[in-house]
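Line by line, the protein sequences give chains A and B. 1 is the number of the first residue of the first sequence in this note's numbering; add one for each residue after it. 1 is the number of the first residue of the second sequence in this note's numbering; add one for each residue after it.
Simulated from the structure, these hints should not be mistaken for lab results. It is possible that some hints are incorrect.
[Claimed, not checked] Partner residues are not named here, just some residues of chain B that face chain A (Cβ under 8 Å, in silico):
#1 N10
#2 V307
#3 I316
#4 G317
#5 P378
#6 E379
#7 A382
#8 V404
#9 L406
[Stated by the list, open to error] Reference listing, derived: stretches of chain A covered by chain B, where coverage requires no fewer than 3 residues with Cβ under 8 Å from a Cβ of chain B:
#10 25-34
#11 110-123
#12 134-146
#13 194-206
All figures in this text were calculated on a predicted structure; none of them were measured in a lab. All C-beta atoms, glycine included, are put in the ideal place defined by N, C-alpha and C.
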Amino acid sequence: MSAPGVVFRARALARRYRMGEVEVRALAGVDLDIGAGELAVVAGPSGSGKSTLLHLLGGLDVADRGSVEFEGRDLAALPERERTLVRRRRLGFVFQAFHLVPVLSALENVEWPLRIDGVPAAECRRRAAEALAQVGLAERTAHRPDRLSGGERQRVAIARALVHRPAAVLADEPTGNLDSATAAAVVGLMESLRRELGTTFVLATHDPALVERAGRRIRLSDGRVVEDTGAGAAP
Amino acid sequence: MIFFALALRNLARNRRRTAATLGVVAAGTAALVLTAGFVRFSFDGLREAMIHGGLGHLEVATRAAVEAHGAAALDRPLAAALADWRPLRERLERLPDVAAVGANLQIVGLAQGADGASASFVGVGVEPDRERAMGFETKLRRGAGLADAAPAEGEDEVLLAAGLAATLGAAPGDVVTLLAAGESGMLNALDVRVAGILSTGVAELDTRYLEVHLATAGRLLESERVSNLLIGLDDTRATERALAAARAALAGSDPELAVTPWTERALFYEQVQNLYRGIFWFLGAIVFVLVVLAASNTLAMTVMERVRELGTLRAIGTGRGQLAALILAEAFWLGLLGALAGGALGLAATGALNAAGLRMPPPPGAVDPIDLQLAYVPEAFAGAAILMVGVLLVAALAPIARAVRLSIVEALGHV
Numbered sequence: 001m002s003a004p005g006v007v008f009r010a011r012a013l014a015r016r017y018r019m020g021e022v023e024v025r026a027l028a029g030v031d032l033d034i035g036a037g038e039l040a041v042v043a044g045p046s047g048s049g050k051s052t053l054l055h056l057l058g059g060l061d062v063a064d065r066g067s068v069e070f071e072g073r074d075l076a077a078l079p080e081r082e083r084t085l086v087r088r089r090r091l092g093f094v095f096q097a098f099h100l101v102p103v104l105s106a107l108e109n110v111e112w113p114l115r116i117d118g119v120p121a122a123e124c125r126r127r128a129a130e131a132l133a134q135v136g137l138a139e140r141t142a143h144r145p146d147r148l149s150g151g152e153r154q155r156v157a158i159a160r161a162l163v164h165r166p167a168a169v170l171a172d173e174p175t176g177n178l179d180s181a182t183a184a185a186v187v188g189l190m191e192s193l194r195r196e197l198g199t200t201f202v203l204a205t206h207d208p209a210l211v212e213r214a215g216r217r218i219r220l221s222d223g224r225v226v227e228d229t230g231a232g233a234a235p
Numbered sequence: 001m002i003f004f005a006l007a008l009r010n011l012a013r014n015r016r017r018t019a020a021t022l023g024v025v026a027a028g029t030a031a032l033v034l035t036a037g038f039v040r041f042s043f044d045g046l047r048e049a050m051i052h053g054g055l056g057h058l059e060v061a062t063r064a065a066v067e068a069h070g071a072a073a074l075d076r077p078l079a080a081a082l083a084d085w086r087p088l089r090e091r092l093e094r095l096p097d098v099a100a101v102g103a104n105l106q107i108v109g110l111a112q113g114a115d116g117a118s119a120s121f122v123g124v125g126v127e128p129d130r131e132r133a134m135g136f137e138t139k140l141r142r143g144a145g146l147a148d149a150a151p152a153e154g155e156d157e158v159l160l161a162a163g164l165a166a167t168l169g170a171a172p173g174d175v176v177t178l179l180a181a182g183e184s185g186m187l188n189a190l191d192v193r194v195a196g197i198l199s200t201g202v203a204e205l206d207t208r209y210l211e212v213h214l215a216t217a218g219r220l221l222e223s224e225r226v227s228n229l230l231i232g233l234d235d236t237r238a239t240e241r242a243l244a245a246a247r248a249a250l251a252g253s254d255p256e257l258a259v260t261p262w263t264e265r266a267l268f269y270e271q272v273q274n275l276y277r278g279i280f281w282f283l284g285a286i287v288f289v290l291v292v293l294a295a296s297n298t299l300a301m302t303v304m305e306r307v308r309e310l311g312t313l314r315a316i317g318t319g320r321g322q323l324a325a326l327i328l329a330e331a332f333w334l335g336l337l338g339a340l341a342g343g344a345l346g347l348a349a350t351g352a353l354n355a356a357g358l359r360m361p362p363p364p365g366a367v368d369p370i371d372l373q374l375a376y377v378p379e380a381f382a383g384a385a386i387l388m389v390g391v392l393l394v395a396a397l398a399p400i401a402r403a404v405r406l407s408i409v410e411a412l413g414h415v
């Protein structure tokens with residue numbers, strides 16, 4: 001069981017992938033605690049295991065070895081249906097390529113996590129509009145993703161990740177497709193939302209500027225944690 | 001509802017492919033609708049042809065006559081013929097739904113032409129005015145029909161079927177001799193003038209069939225009795241009701257009487273129905289397979305093209321069942337829209353074919369070509385629509401299985 005205030009607890013986390021004939025060691029025994037309200041940046045070069053760590057923390061994948069506890073629950077031990085509910089209600093995801101549904105408007109994209117959870121349509125719309133307003137897109141609710149800039153799309157993705165008030169948001173290279181000014185604005189937005197909502201943010205990036213701004217830096221190399229500036233503590 | 005809305009938008013992403021699939025579904029639906037219309041047209045045409053070609057809607061005969069050869073047999077033995085039938089007829093004609101009741105006297109015998117050619121025949125004595133009132137149709141090829149009034153002695157007339165007339169070398173105006181065993185068992189002969197040449201519509205029967213007035217048949221057989229009474233109704237759909245009424249009216253008769261509906265006498269109709277139903281289901285199975293293959297391919301493509309999107313939806317908490325529902329909703333729309341388009345296409349094609357005045361070759365055993373008039377079968381439209389939606393849902397199963405088994409991580413990294 002995780003200590004109070006700890007949102008994510010990873011222990012001896014290991015994951016290997018097979019790529020054709022080659023077996024790739026993505027994570028090789030990671031121990032990590034991330035507390036509530038932290039903004040932790042997972043840094044490291046490509047192939048260091050950042051994305052894999054986020055996938056395991058978010059219950060998108062299951063480790064070969066070790067365990068991940070989220071809010072005190074061992075994700076790997078949960079049935080698939082329960083894991084889906086955890087992702088739907090307690091976690092938010094932001095991806096490098098935004099991954100918005102192209103045929104849905106910004107508002108519809110944001111309200112999706114609520115709609116699939118059975119929240120009444122009117123409330124979905126209200127909360128989605130609020131979330132879009134929080135990320136500064138109150139005027140762009142009816143636009144489909146192809147009518148939005150990269151920064152706007154990422155803000156829609158952030159609104160979608162936050163609309164259901166999750167305990168934590170996992171963001172994989174959230175600024176990877178953005179110019180530096182837009183990237184700074186997006187990170188600033190996440191910081192302010194973390195302060196405002198108390199949501200835990202875990203960001204995977206190899207953007208040095210973003211790493212420098214982080215309250216907590218977790219650096220990975222070859223699937224291992226080689227630097228952790230403040231394990232378990234909120235910045 | 002959001003699944004249905006999203007599904008519709010997803011289908012609009014690749015309009016050409018969606019249109020092609022809708023085309024297949026529509027063509028399949030139209031094929032089913034047209035086939036159902038043709039089958040119904042055939043059933044209805046055959047039914048009315050049999051009823052108005054001599055079966056009548058209901059037959060009244062003695063129980064003994066019916067049991068002698070079975071209800072489906074067309075001939076009723078003279079020994080069990082119906083005596084004192086006129087009051088019976090009056091009672092039956094007063095029943096609701098009854099258009100008219102005609103008496104028949106069946107004859108089996110030998111016919112001889114003027115030049116000595118002879119042939120066996122099956123004939124029937126009829127009441128022309130009653131037959132007309134029942135909507136019976138005599139397909140007269142040459143000459144005139146029988147007079148309504150009973151012919152005076154020595155003025156008897158006959159209608160010969162074309163094949164029999166050819167065998168006898170007889171033409172309208174000629175005299176032929178009919179020989180038949182009378183009620184007493186004695187062989188009687190009667191000279192009759194050929195009034196006209198008819199066709200029964202059935203090639204085999206045309207070689208043996210003739211018709212005379214009931215009075216002529218009675219004279220030949222020396223009998224006042226009749227083989228049966230045929231009841232013609234205003235509408236075939238009233239058969240069951242009229243059957244019950246007739247049975248009630250004749251209950252307790254002496255001798256016991258049997259009322260037989262046309263459905264029990266027209267075994268051929270049932271056989272044709274079974275054959276056509278078989279063809280219809282066979283065609284339906286082919287359409288089913290074609291539509292499943294086409295739609296399954298389309299839905300599989302939509303899954304393959306959206307792997308990353310489906311992975312994202314799963315990542316943010318969309319359940320496997322919800323993902324399945326999304327794909328099912330796409331299949332539902334394809335089925336419904338395709339069926340609606342197909343229904344409209346079938347309706348238009350039915351109207352166009354009916355307006356074209358096409359003629360079909362004679363059905364097996366018949367001699368006359370028939371006008372093609374496809375029936376509008378509302379239940380076929382509804383049935384085809386339900387079937388198509390069902391077919392599309394079946395076609396969605398394989399793509400759904402693929403979608404829900406996607407690894408989220410692999411799907412997110414899919415290019």
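Here is what the structure says about each hint:
Among the interface hints, the one on N10/B holds; its C-beta lies about 6 Å from the nearest C-beta in chain A, closer than the 8 Å criterion. Interface hint status for V307/B: violated, as the beta-carbon distance to the closest one in chain A is roughly 12 Å, over 8 Å. Taken as an interface hint, I316/B checks out: its beta carbon lies about 6 Å from the nearest beta carbon of chain A, inside 8 Å. Look at G317/B: its Cβ gets to within about 2 Å of chain A, closer than 8 Å, so that hint holds up.
This hint is violated: P378/B has a C-beta 36 Å from the nearest C-beta of chain A, more than the 8 Å allowed. This hint is violated: E379/B has a C-beta 37 Å from the nearest C-beta of chain A, more than the 8 Å allowed. Contact between A382/B and chain A, as hinted, is not supported at the beta carbon level, the nearest pair being about 31 Å apart and thus beyond 8 Å. Interface hint status for V404/B: violated, as the beta-carbon distance to the closest one in chain A is roughly 10 Å, over 8 Å.
Interface restraint check: L406/B against chain A, minimum CB-CB distance 11 Å, threshold 8 Å, status violated. For the segment 25-34 of chain A, the stated coverage by chain B is not satisfied: 0 residues place a CB nearer than 8 Å to a CB of that chain, which falls below the threshold of 3. Residues of the segment 110-123 of chain A with a Cβ under 8 Å from some Cβ of chain B number 6, which satisfies the need for three, so the listed coverage holds. Proximity of the segment 134-146 of chain A to chain B, defined as three or more residues with a beta carbon under 8 Å from a beta carbon of that chain, is not established by the 0 residues found.
With a cut-off of 8 Å between beta carbons, the segment 194-206 of chain A has 0 residues touching chain B; three or more are needed, and the interface restraint is violated.
Hint compliance for this structure: hints 2, 5, 6, 7, 8, 9, 10, 12, 13 are broken, all remaining hints hold.
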